[in-house]
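Chemist: The residues making up each chain are set out below.
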Amino acid sequence: MYTQALNADESQRDQTLPAPDAAKLARFQAVIDAEDKIEPNDWMPDAYRRTLQRQISQHAHSEIIGMQPEGNWLTRAPSLKRKATLLAKIQDEAGHGLYLYSAAETLGLSREAYCDQLLSGKAKYSSIFNYPTLTWADMGAIGWLVDGAAIMNQIPLCRCSYGPYARAMIRICKEESFHQRQGYEIMVTLAHGTPAQKAMAQDALDRFWWPVLMMFGPSDKDSMHSADSTKWKIKRFSNDELRQKFIDATIPQGRYLGLTFPDPDLTFNDATGHWEHGVIDWSEFKRVLAGDGPCNRQRLKARQTAEAEGAWVRDAARAYAAKRSQRQATSQVAAE
Amino acid sequence: MPRVIADADLFEFTLALADDALVLGHRLSEWSGRGPSLEEDIALSNLGLDLVGQARLFYTYAGELDGNGRDEDDLAYFRNADGYRNLLIVELEPGDFALTIVRQFLYAAFLHPYFAALCRSTDARLAAIAAKAVKEMAYHLRHSSEWLIRLGDGTPESHRRAVEALDLLWGYTGEMFEPTTAEQRVVAAGIAPDRTQIRQPWTTTVDAVLAEATLQRPAQRGMQSGGRHGRHTEGLDRMLAEMQVLARQHPGAKW
Ligand SMILES: [Fe+2]
Ligand SMILES: [Fe+2]
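First to last, the sequence lines map onto chains C and V. Counting in our numbering, the first sequence runs from 462 upward without gaps. Counting in our numbering, the second sequence runs from 177 upward without gaps.
One thing to keep in mind: the hints can contain errors.
Covered, in the sense of this in silico footprint (three residues per stretch, anywhere, with C-beta under 8 Å from a C-beta of chain C), are these stretches of chain V [stated by the list, open to error]:
1) 200 to 214
2) 230 to 243
3) 319 to 327
Derived by calculation from the structure, the hints in this document are not laboratory data. Even glycine gets a Cβ: it sits at the ideal position worked out from N, Cα and C.
Given these sequences and hints, build the entire structure.
Modeler: Below, the structure written as structure tokens:
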């Protein structure tokens, strides 16, 4: 789903550039400044390429790992309609992963190479998926809040300077909005359901609210985000700006549900017209990002297991394709 | 003139088709996030979605025939294993990818011609559901055939796994061709196709694909059956316990 400012900016530009590159760089920046797109075969600075390789692949990994928390309830969905919608949603997320790996591949690394980074634990993915899904209401909370937060992050990415990423995001954002509405609809149903269902909805909000706010990444004052991402029109809004947009959009929705946000300091500022939240526990964010969230090990392990158990199938498909093309070649020779 | 058919017979017939679709759809959904590749994960979810969709249509119709106000979810979530009427082949635990593919193939090779015939049912509702489902099953058959050929003619390991799956599943294919006595009355009334007549097209498809997959048809042997009478394999109760747990914890709740 979900890009996240992971605060691991490696995009240190070379200090000095040889003259031909300086000219290329000027042309590159002019394209971006004109709001045109950089395409795979265009010249681009290495740091731009590396930043996008990292961001798009992390985004793809998040889609794939993000299938797990919802997959946890697929076999227990409480109605056939919900079962079908959840299966379709998880399938959409796999599709998002596919588009994003394809976009990332245009930057010169293979999907296998990116996946290896995930499987080896080297690559990051959105921290939110390291939280467990303990009740059915979490399917509502994830759609409403997690897909909702993803949309806030991703709408600006539809205008990202890198063409293949921007185009992938346009397609993905449409589906994420649909997921967000479905998730909210689950919450509405629960909030207007039996007392037990309403309690389930409140509990899901209690558990997911803070981790969702953390999805936007560290506060601007602590963020090491380089100016490059902004200059390159990869990042158009700061973490805090996006978080604020999300909070302003979400609080009225939660209040409509009759649910309480687990933040006693949440207040509406009449002067600014914005909701103000309490202090975010960034130590928890760091802990989860460092690998010590509730489910980090399980999520990675599940991915590794699927990969390992599918190896013989992929081998078979390759072996068959090789045999087939050999047979075709042989029959062609025989025909000549 | 077709004979008038008792709603109870038509209910039992429709319910069995619904149970087949739901149980196999559920088994396919167990692959979500575990597929051998992203593409195949998506494909297996697609197959599962088709089947859950078919189940919903059949259950809704069955509920109307039943006349007790039961909806699709009452029928899916509030019957125990011994009340389920599905074929045994669809309920077997998914095992490895070879078992999933071989099952999908053997079943789709039956259900595709069966639904093609059901399209001509004198019952408009069943004919309409079959008209939608037959297109889906054509895809299931193509997808599973292609994979079965890759597995059979792939590596020694994939070949071995395909042989094992075929050997296990073969004993459950006979039940596909056994109508219950209620179903026989539905057939006589012109509403349902005669499933014994599907054996010939099924055999033709199976033999052709197995040959291309370099696999042998297993020897004739005793067949397992009982699903249509509520006598199931060990896995179904466990599957339903998981599937139904939440709905049953909150009886009467809407989701
Ligand atoms: Fe997504
Ligand atoms: Fe989504």
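Chemist: Which numbered hints are broken by the structure, listed smallest first?
Modeler: The structure conflicts with no hint, since it agrees with every one listed earlier.
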